[in-house]
Each structure stands twice: as C-alpha cells, then as structure tokens.
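A.B. asks: Protein chains in written order, with numbering that gives the first Met the number 0: chain Y, 0 to 660; chain L, 0 to 181; chain C, 0 to 152.
Check the hints yourself; a few may be wrong.
Listed next, with one range per pair, are the computed distances between beta-carbon atoms [as the list claims (entries may be wrong)]:
| no. | chain 1 | residue 1 | chain 2 | residue 2 | range |
| --- | --- | --- | --- | --- | --- |
| 1 | C | Cys-46 | L | Gly-119 | 30 to 38 angstroms |
| 2 | L | Glu-62 | Y | Gly-167 | 54 to 62 angstroms |
| 3 | L | Gly-119 | Y | Thr-588 | 54 to 62 angstroms |
| 4 | Y | Gly-322 | L | Pro-173 | 43 to 51 angstroms |
| 5 | L | Pro-129 | C | Asp-77 | 22 to 30 angstroms |
Calculated cross-link-like contacts (lysine-lysine; reagent style DSSO-like; alpha-carbon spacing at most 27 angstroms) [as the list claims (entries may be wrong)]:
| no. | chain 1 | residue 1 | chain 2 | residue 2 |
| --- | --- | --- | --- | --- |
| 6 | L | Lys-180 | Y | Lys-381 |
| 7 | Y | Lys-381 | L | Lys-170 |
| 8 | L | Lys-180 | L | Lys-170 |
| 9 | L | Lys-21 | L | Lys-157 |
Please keep in mind that the hints were generated in silico from the structure rather than gathered at the bench. Here the structure is a predicted model, which means the values were calculated and not measured. Quick reminder that beta carbons are idealized off the backbone N, C-alpha and C, glycines included.
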Amino acid sequence: MIIELGHFALALALVVALVQSTVPLIGAQRNNASLMAVARTSALMQLVLILGAFGALMHAYITSDFSVIGVYENSHTTKPLIYKISGVWGNHEGSLLLWVSILALFGGGVAAFGTNLPPALRARALAVQGMISVGFVAFILFTSNPFLRITPTPAEGQGLNPLLQDPGLAFHPPMLYAGYVGFSMAFSFAVAALIEGRVDAAWARWVRPWTLAAWTFLTMGIGLGSWWAYYTLGWGGWWAWDPVENASFIPWLTGTALLHSAIVVEKREALKSWTILLAIITFSLSLLGTFLVRSGALTSVHSFAADPTRGVFILMLLGLAIGGSLTLYAIRAPHLQGGGLFAPISREGGLLINNLLLSTAAATVLLGTLYPLFTEVLSANKITVGPPYFDAVFIPLMVPLVLLIGIGPRLAWKRGDIAGALARVKFAGAATLAMLALSLVINGTRTTDIAGACGLAIAAYLAVASISEWIDRVRLTKSGAWTRIANLPRAAHGMTVAHLGMAVLIAGVSGATAWRQERIQTMAQGQTVEMAGYTMTFNGVKMVQGPNYAAGRADITVSRAGKTIATLLPELRTYDQPPQQTTFTSIHTTFYADLYAALGEPQGADGAFVTRFFYVPFVPFLWYGVLLMGLGGLISLSDRRLRVGAPQRAAAAMPLAQAAE
Amino acid sequence: MKRWPYILPLVAVLALGGIFAKRMVDIENGTDPSLIPTVLLDTPIPAFDLPPLPNRGEALRSEDLKGQVSLVNFWGSWCIACVSEHPALLAIAKEGDVPIHGVAWRDDPNKSLAWLAQRGDPYATVGQDPDSKTAIAFGVVAAPETFLVDKQGVIRYKQTGPITAADWKNKIKPLIAELKKK
Amino acid sequence: MKKLALFLAALCISSFALAVEPNEMLKDAGLEARAREVSKQLRCVQCQNETIDESHADIARAMRLLVRERITAGDTNDQIIAYMLSRYGDYVLLRPRFMSSTLILWVGPFVLLVLGGLVVVTRIRRGGTEGLALTEEEQKAVAALTELGEGGS
Numbered sequence: 000m001i002i003e004l005g006h007f008a009l010a011l012a013l014v015v016a017l018v019q020s021t022v023p024l025i026g027a028q029r030n031n032a033s034l035m036a037v038a039r040t041s042a043l044m045q046l047v048l049i050l051g052a053f054g055a056l057m058h059a060y061i062t063s064d065f066s067v068i069g070v071y072e073n074s075h076t077t078k079p080l081i082y083k084i085s086g087v088w089g090n091h092e093g094s095l096l097l098w099v100s101i102l103a104l105f106g107g108g109v110a111a112f113g114t115n116l117p118p119a120l121r122a123r124a125l126a127v128q129g130m131i132s133v134g135f136v137a138f139i140l141f142t143s144n145p146f147l148r149i150t151p152t153p154a155e156g157q158g159l160n161p162l163l164q165d166p167g168l169a170f171h172p173p174m175l176y177a178g179y180v181g182f183s184m185a186f187s188f189a190v191a192a193l194i195e196g197r198v199d200a201a202w203a204r205w206v207r208p209w210t211l212a213a214w215t216f217l218t219m220g221i222g223l224g225s226w227w228a229y230y231t232l233g234w235g236g237w238w239a240w241d242p243v244e245n246a247s248f249i250p251w252l253t254g255t256a257l258l259h260s261a262i263v264v265e266k267r268e269a270l271k272s273w274t275i276l277l278a279i280i281t282f283s284l285s286l287l288g289t290f291l292v293r294s295g296a297l298t299s300v301h302s303f304a305a306d307p308t309r310g311v312f313i314l315m316l317l318g319l320a321i322g323g324s325l326t327l328y329a330i331r332a333p334h335l336q337g338g339g340l341f342a343p344i345s346r347e348g349g350l351l352i353n354n355l356l357l358s359t360a361a362a363t364v365l366l367g368t369l370y371p372l373f374t375e376v377l378s379a380n381k382i383t384v385g386p387p388y389f390d391a392v393f394i395p396l397m398v399p400l401v402l403l404i405g406i407g408p409r410l411a412w413k414r415g416d417i418a419g420a421l422a423r424v425k426f427a428g429a430a431t432l433a434m435l436a437l438s439l440v441i442n443g444t445r446t447t448d449i450a451g452a453c454g455l456a457i458a459a460y461l462a463v464a465s466i467s468e469w470i471d472r473v474r475l476t477k478s479g480a481w482t483r484i485a486n487l488p489r490a491a492h493g494m495t496v497a498h499l500g501m502a503v504l505i506a507g508v509s510g511a512t513a514w515r516q517e518r519i520q521t522m523a524q525g526q527t528v529e530m531a532g533y534t535m536t537f538n539g540v541k542m543v544q545g546p547n548y549a550a551g552r553a554d555i556t557v558s559r560a561g562k563t564i565a566t567l568l569p570e571l572r573t574y575d576q577p578p579q580q581t582t583f584t585s586i587h588t589t590f591y592a593d594l595y596a597a598l599g600e601p602q603g604a605d606g607a608f609v610t611r612f613f614y615v616p617f618v619p620f621l622w623y624g625v626l627l628m629g630l631g632g633l634i635s636l637s638d639r640r641l642r643v644g645a646p647q648r649a650a651a652a653m654p655l656a657q658a659a660e
Numbered sequence: 000m001k002r003w004p005y006i007l008p009l010v011a012v013l014a015l016g017g018i019f020a021k022r023m024v025d026i027e028n029g030t031d032p033s034l035i036p037t038v039l040l041d042t043p044i045p046a047f048d049l050p051p052l053p054n055r056g057e058a059l060r061s062e063d064l065k066g067q068v069s070l071v072n073f074w075g076s077w078c079i080a081c082v083s084e085h086p087a088l089l090a091i092a093k094e095g096d097v098p099i100h101g102v103a104w105r106d107d108p109n110k111s112l113a114w115l116a117q118r119g120d121p122y123a124t125v126g127q128d129p130d131s132k133t134a135i136a137f138g139v140v141a142a143p144e145t146f147l148v149d150k151q152g153v154i155r156y157k158q159t160g161p162i163t164a165a166d167w168k169n170k171i172k173p174l175i176a177e178l179k180k181k
Numbered sequence: 000m001k002k003l004a005l006f007l008a009a010l011c012i013s014s015f016a017l018a019v020e021p022n023e024m025l026k027d028a029g030l031e032a033r034a035r036e037v038s039k040q041l042r043c044v045q046c047q048n049e050t051i052d053e054s055h056a057d058i059a060r061a062m063r064l065l066v067r068e069r070i071t072a073g074d075t076n077d078q079i080i081a082y083m084l085s086r087y088g089d090y091v092l093l094r095p096r097f098m099s100s101t102l103i104l105w106v107g108p109f110v111l112l113v114l115g116g117l118v119v120v121t122r123i124r125r126g127g128t129e130g131l132a133l134t135e136e137e138q139k140a141v142a143a144l145t146e147l148g149e150g151g152s
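One chain only, chain Y, in its complex shape (with noise of 0.2 angstroms):
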C-alpha cells in the first residue's frame, strides 16, 4: 500500500512539475504576481510529494519488501540497516529518484529562502527547475520505475553487490548526485537571466551561494569516490582516470571555473555572457556524468542494449536541456551588456586566465574520455586513451594555475601591480625552493624522486603563498590583528583554506605517487616481510564470521625497530547473497603514511597466502586536502554576504562598493 501510495505521489509531483514549469513563465511574461506566486507553492508541492515517493522506497527497503522488483533484486533480510538504506541508490531506478529527490530539496530551497529574490527571477528560476523536473520524473515513471511489483512476492532478495556494502560508498552517490543537481540552480537562475536578458552583479550573488553549495557537495563526493577505491580495490591506488571518475571530474573542474567568473561578475559586472555559459556546460556536464557514463553508453553495451527506450529518452531529454538551453544562450547572450574594464593584469585579468586554465583542463579531459567514442563511431577504430595521456595532458595545465593561485589574490581589481605581487610571493618561492632542496636531499634523485620533489615544491608555494597573503591581509603582526580577522569577509578566509587544502592534495598527489612502495609474495605462518623500515609478521589466517559473510582474517603484526606498531587484519570474505569474493583491505596510517595490507589467494595446503603489502606516504594528505577545500567552501558559504537570497538587486546601484571590494 505504502509503495503504491509512493507511486502515486511521483505521478503527481509529474503533474505538478508541469504547472511549475509553465504557469510562472507566463505570469513572469505577463508581470501577474499570483501566477507567478505558484512557482513557489508547486515547488514545496513538488518537494514533499517526491520525498514521500522516496520515502516509500526507503520504507520497502528498510521493511525488506521483496514484492517491489527493486527490492527483490538488491536487498537481503540479512544485510545491517546502513546497507539496506544505501540499496535504495545502489541501483539505476533508485539512484534516479535520489537524483530528483536532491533537485526538489533544492528548488524547494530556493522557494522558501529565496524570499528576497525579485519575484520575476524566482519564477523564472524555479519554472526552469520545473521543467528539469518534468524531465527526470517522466523518465522514471515511464523507463525506469522503482514501484514495480513482482508476483508471487520472492521469500528472499538477491542482495547488494558486496563492493557497494561499504560506508564510503554509502555516501558517495547522495554526495555527488548533491553536487551534480546543485548545479541545476546556477544553471535555471543562467537559463532565467537569458530570458529576461539581464545579468548584473546581484544576479551573479544568488548564483554563487547555490554554486558554492554544488562545488562543496561535488569536491567530497569525488573525494568519498576516490577514498573508497583506495581502500576497497586492493590495489592500493586512488585515482585511475576512469571514464566513471572523468564524468565526475569534469563538471567539478567547470564547476570550479564558474565559482570564479561568478566573482568577476558581482565585483565587477565583467564576463557576464561567459559565466551564464560556464553554468549552462557545468550542469551539461553534471547530466553527461550522471547518465551517459554512468549508465554505461560510453564503456559498455549492456545497459542502454538491454533497453534502448532508455537510450533514446535520455538522449532527447540531453538534447532538449542542453540544445535548448544553448540555443536561448545563442539568440540572447550578445544582448548582455559589456561590464567594467580592467588591464590584463589585474584580478580579473588572473581570474580569467584561471577560467581559460580550468576550461581547458575541463574540454581535455572530456577529449580524452569520449575520443575512443569517437574513433569508433567515425572510423570504426578501437583505440584506448589511458592514464598517461591524462597525465601528460593535465600535469602542463595545472601547473600555471597551481602558479597562478599564489599570485591571483595578490593582484587588485581593474588595474593590478605585478612587480608588487611578485615581490610579496618571495617568501613563496624560498619555500619552493627550500622543499625542492630539501626533498632532494631527502628522498635522492631518480627520475620518480625528482618529480615527487617538483610536486611538493609547487605544494609549498601554493601553501606559503595562500598562508602569506592571509597575514598580510590581516596585518597579523600589526596590532589589531584580532578585529581584522573577525571583519574579514568569510569568503576570504574560506578562499585561503580551499586554497591551502589544494596545496595539501598536490602534496598528497605527488608524494604518493613518487614513493609508493609495493611488496607482493606468497607468506607462512611466521615470515616476516621489511618495507621502508616496517617490518611484517604473517601470524595466519582465521575464519571469521560477519553478519552476511563468511571471511579468512589475517593476523599480520607491524613492527619497527622491534616495537610493535600496529596489527593489520585484511580480509578475503565470501559474501552470503549474493556469494561473492571480496578483499577487505586493512590500513594502519600514520598520518602521514598509510601502511596498507591486501590478502590474496591461499597458495597450497600448509596455510601460506598471496600477500600484498603498500607503503603510501602522503596518502593521507588526499583526504586532508580534499576536507580542507570543503570546509573552505563552507566558511565561504557562511559569509553573510552570501546568505541565500540576502542581497538586494539595490546593492547593485551602489557602483562605488562594488568597485571598492
């Protein structure tokens, strides 16, 4: 009963969606205040009827509901609560109600906070919201839909891939998929600015809160993603420039780019026609991720084969929001007045070389994921494009923005002053210089060694430079220093701690890429195996009981200098349903380093195993980096300044503000 009534609501919310997105455009059109007012009730409507739909899910998932389809085929009674949550999104129709569930929590947000936004924009914004809505939500009523029932109701499900049962991967997809619909706001509010043809700096501060919001949501997600491989596959890497990666990686560098042209625009009412692009191409981007790659069209055949009216409909859905959008950005974007000027060298001029960087950066990786697409299609040519292509590509194109990030904040709006700029960054390059120095020294100088020093020189400068421009801002050493650090603007501070925590993750990058130590062999009970100083005692394998797998545990004992440190304890499980071989890898971290033990195949009768074992330094500074730039991004949403829906299109009218800031 629950599960039809779930139904119901989301052919509803279908119907509501459509008002949404119809009924406020003509009453914006028209300037008729009570049409336009129905643009924020059909957006709360819309929130609690598709929340109620989701929570049906979750209801039958929670209930082990097993005559729900769905159900059936991706839960089990003996799977722990966490997991029978996250099976809600473990699989394509779930995931897809998530996904809208996401984009009503943000268009209802945008109906209830956004109550000083002028009522014509909301409208606008929130019919474009609508209109995504209608799309998505058809989608899943009439191809994909999670309230199917099955008869006769099966005794028991099929269980949850064991890989997805794990609270990294919990989290990851409501993460990202928060990240990805965030952007849908910039892109609607990009979408209404271009019908009413009008850009102007307020505009540019309604657009960054909801941004910042999507890149901070975007940054842990992909974060969450690369954590989870790291410490599920076995393999002891992070990131492999997987196709499923790129379509995560390439809307959050868009994403990034966009936060920046947006300040451009409110300070200076600059860039405009590029920043409503930039939106429109983030969201692009965020809907290829979610679908295209995800569902497999790009890699595999199997999911978009096995139903090819999925296939055409997303396509035309794509085609509809993207063309659509697109081709309204061609007819009106010309129109958009031209804003202040500057010199090449000042902040804008810094922020537009970023945006050229990132944009780059973005079409490079989208290159290489899709050209063997293209290949194929074009020339019926199989090629592959692997990490080192996206190594070699990539690495150029960061290191003038990673350069650029030390001196950018330095730089004054209009007209900048390099020298200047220049000279108070020299406490950064004697930092660069002292670390290339230092890890030389350190580490010695292969060719690996001397691109790992290279990595966290450039980490040191980006960190001393961002730490140095914060003191000098607030003239820490001067007196005073106190008031100044409370008025600074959130914004600011949280610009220097995304700033640091991207140093941190190029230091972690680098030093885990140089120096990463790998030992496999076949072990007995009692070998020991010495890596950077560790010394690993293999004690045997046990069996252990889980709650829905069986696993052989290994004892392995750490020791250094002769004092034990740690005892790892990786796994091979055997899950119950369905019967599935996992590894479970265990960590002991320092840190600084991560000592990571993986356990493989059990060679002959006498209880010797395939062990492997990896010494990752820096590894850990990932996940500090990754935390920082998110906590960055939220002292920056903080910032009263850019409270949703708190300015005033008044404050535009005040030039000389916008020109001081």
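Given the coordinates of chain Y, work out where chains L and C should sit on it, guided by the hints.
C.D. replies: Chains L and C only, in chain Y's frame:
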C-alpha cells in the same frame, strides 16, 4: 555584433549529440562496439606448432594449414559460450565444406577430451595452447573466437563470440566459396 | 578447521585473484621492475580501462607471463610493446600513439589553450585600459573599505 561565437557551443553540442545518436543506432543494428576488430585481417597467420591432445591425432602446425581453406577455432572446456557454439560447429563439420582446427586454449587436456567426448568432436585437428601464446599471437581476447584462413595461410575473417547458424549461412559460407575459387 | 578447509576449497575453484601473483614474478628484481613497467602500459583487452598489471582477468595474466618471458629472452621494452600492438592493435596501448587519427587528441588541448588565450588577449585589448585608474571618490571608498579588510573572493 558578432553572433557566431555565441552559436559555437550549440554547434559543438549538436555534433556530440549526433555522435551519441549514431552510436545508439549502431547498437540497435547489432554492431557491437565492444568488439575489437582484428588488426590481423589479411595478414598471414602467426607461426605455431601445438601438441595434440593425448591420443588424438596429429599436432596442429601453421605450416599444415596452407593449401586449403580452413577455420581455426579457439575454445576451452571452461568456456560457457563455447557450449552454445558447439552445435553450429558440429553442423559445419558435417557439411564438410571446410576443416575446423581447434585450439584447446588454456585448458587441461583431459578436460578438453572429456568435453569433446560428451558433446561431439567437430575438429580435424586439435592443438593445445596452455600458456596462451598462440591465442595472444592471434590477438584473441575471449573464447570462442574463430578465424577463416585461406589457401595461402592468410586470415580473411574473424568471428568474435559464438558462430551462429545465421553467421555461417550469411557470412562465412559464401566467403569460403569465394576463397576456394582463388 | 573444517570450515577453513571448505573456505580454502571455495577460493581455489573461484577465479578470484589479485593482479600480479608472486609465482609469476621474475627472480631478478631489475627485470621484474621492467616487466611491471611494460605491464603498466598495456591494457587488459578484456576489461574496462585496466592495465594488465592490475587486472584479474586470465588473459591479462597470460599477457603478463608473455611479457616476462620476452624480457627474460632479451627483448627490449619497446619490442614487447610493439609485438602486443601488432597482435591487438592500438586498443592495447594505454598511451595512444601520435598518428593522424589521434592528432586532435594530442594537439587539441594546446590548440584550445592558444585559441582561448588569443580570445582573452583580444578581449582585454579591445576593452582598452583607459579609465582604469580609480577616481578620487573611488579611492576614498577603497580607503574606507580596506579598513574593514574588504577584498574577499
């Protein structure tokens, strides 16, 4: 005012959409994009000398393939898709148009023999390739894969996945007739 | 103990394995390092975007063993990669070769960067730099606001 820069993104997206659409049409038409076309087409077969299965005929040598049109089929007793292909191979052998040479790939010879005893034996000769060297030399990805070799020992066609009765009738058999004329 | 035996039996019949196995590895550490390096440049032809070095597939294992055999026989890394290329085509290379069909792939990013750079430069040039100096009023406003430490991003 220059308009074209603003139309550029739309054009790019439309081109991309076209490629995606073509891909989907290809999939609809049964052109499986996961298949890797062999680069070995129209090149001589690699040299090999594979030992026979225990007490089953001669060894399989690349030299012996010359002078006659033949099929080379990579299979293994562990291969599930090979079971579904087998009736087609038996039918081809019965027709007698062309000899089928089997490569028992990455298999225990006794299991290979048991498999043939149970399901019937369509092969003129069977050679063992336990370490996959010949399979790699042929660019084989997954069993079953079948190569059509002409009188000069040149690869003229490759079937990835099981040969179906339709494949045989529509593609392979006509090609054999043509190759025999030369 | 019986349970453990059952568990071991289950493992042996399953195809579960973790990439490079100890019994595949070469005794000579230098040669083994070369084998790893070559393996990381070759794609497992049966898998999604995996090197033969990290793949569990049987064909990847066979290719790894062949790589090692060739290295032991004295082939150079390039000869081994060329051999795999001659058997499987460009699909087997994780780093696409520079050729006519990959021209856009390799050159595209830098063309894009240069074109984008040109657009940026002309835009800024066309805008000119006149009127960029702050007016007196603006300077006062700046002075007032910098006291608050404005200038965030």
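A.B. asks: Could you run down the list of hints and mark each one as holding or not?
C.D. replies: Here's how the hints hold up against the structure:
1. C:Cys-46 - L:Gly-119: 30 to 38 angstroms: holds, 33 angstroms
2. L:Glu-62 - Y:Gly-167: 54 to 62 angstroms: holds, 57 angstroms
3. L:Gly-119 - Y:Thr-588: 54 to 62 angstroms: holds, 59 angstroms
4. Y:Gly-322 - L:Pro-173: 43 to 51 angstroms: holds, 44 angstroms
5. L:Pro-129 - C:Asp-77: 22 to 30 angstroms: With Cβ atoms ~28 angstroms apart, the hint holds.
6. L:Lys-180 - Y:Lys-381: violated, 33 angstroms
7. Y:Lys-381 - L:Lys-170: Distance ~23 angstroms between Lys-381 of chain Y and Lys-170 of chain L Cα, so the pair holds.
8. L:Lys-180 - L:Lys-170: holds, 16 angstroms
9. L:Lys-21 - L:Lys-157: holds, 24 angstroms
Checked against the numbered hints above, the structure violates only hint 6.
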